[in-house]
Amino acid sequence: QLIAAFITLVLVTPFTEELIFRGFVFAGFRRRLPFWLAALGVSALFAWIHGQWNVGLDVFVMSLVGCYLIEKTKNLWSAIFLHMLKNGVAFYLVYLYNGS
Numbered sequence: 002q003l004i005a006a007f008i009t010l011v012l013v014t015p016f017t018e019e020l021i022f023r024g025f026v027f028a029g030f031r032r033r034l035p036f037w038l039a040a041l042g043v044s045a046l047f048a049w050i051h052g053q054w055n056v057g058l059d060v061f062v063m064s065l066v067g068c069y070l071i072e073k074t075k076n077l078w079s080a081i082f083l084h085m086l087k088n089g090v091a092f093y094l095v096y097l098y099n100g101s
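Sequential numbering of the sequence shown, starting at 2, is according to this note's numbering.
Simulated from the structure, these hints should not be mistaken for laboratory data.
In this text the structure is predicted, and so the values were computed from the model without any measurement.
Do not rely on the hints blindly, as some may be mistaken.
[Claimed, not checked] For each label pair, taking beta carbons as the anchor points, the in silico distance ranges come out as:
(1) Tyr96 to Trp37: 33 to 41 Å
(2) Val56 to Ala5: 16 to 24 Å
(3) Trp78 to Val56: 17 to 25 Å
No residue lacks a Cβ here, since even glycine has one placed at the ideal position from N, Cα and C.
With these hints in hand, go ahead and build the complete structure from the sequences.
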């Protein structure tokens with residue numbers, strides 16, 4: 002079960018969410034809007050989709066950083082790896098860290 006959770010939370014979900022939100026939505030916004038307006042818009046949508054204020058604030062900031070990385074590198078993989086790293090740290094803290 003731990004391996005399935007890892008694959009889902011650390012690999013599949015970041016890849017899928019980045020493909021949708023930064024790969025399609027941000028790219029679409031960016032064709033019509035200045036960078037910061039597109040980044041704020043997609044990040045607000047991404048935060049809202051997560052449904053909880055504490056999670057929403059965290060993913061809003063991560064989304065802004067992901068948008069910036071994509072803008073600078075012209076590569077979606079930079080945002081995907083950032084998201085995987087963030088989820089990997091959360092996975093470790095929630096499922097593996099035993100407090101000692």
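Here is what the structure says about each hint:
1. Range check, tyrosine 96 to tryptophan 37: about 36 Å between beta-carbon atoms, so the 33 to 41 Å window is met.
2. Under the hint 16 to 24 Å, the C-beta atoms of valine 56 and alanine 5, about 21 Å apart, fit the expected range.
3. At about 24 Å, the beta-carbon gap between tryptophan 78 and valine 56 stays in the expected band of 17 to 25 Å.
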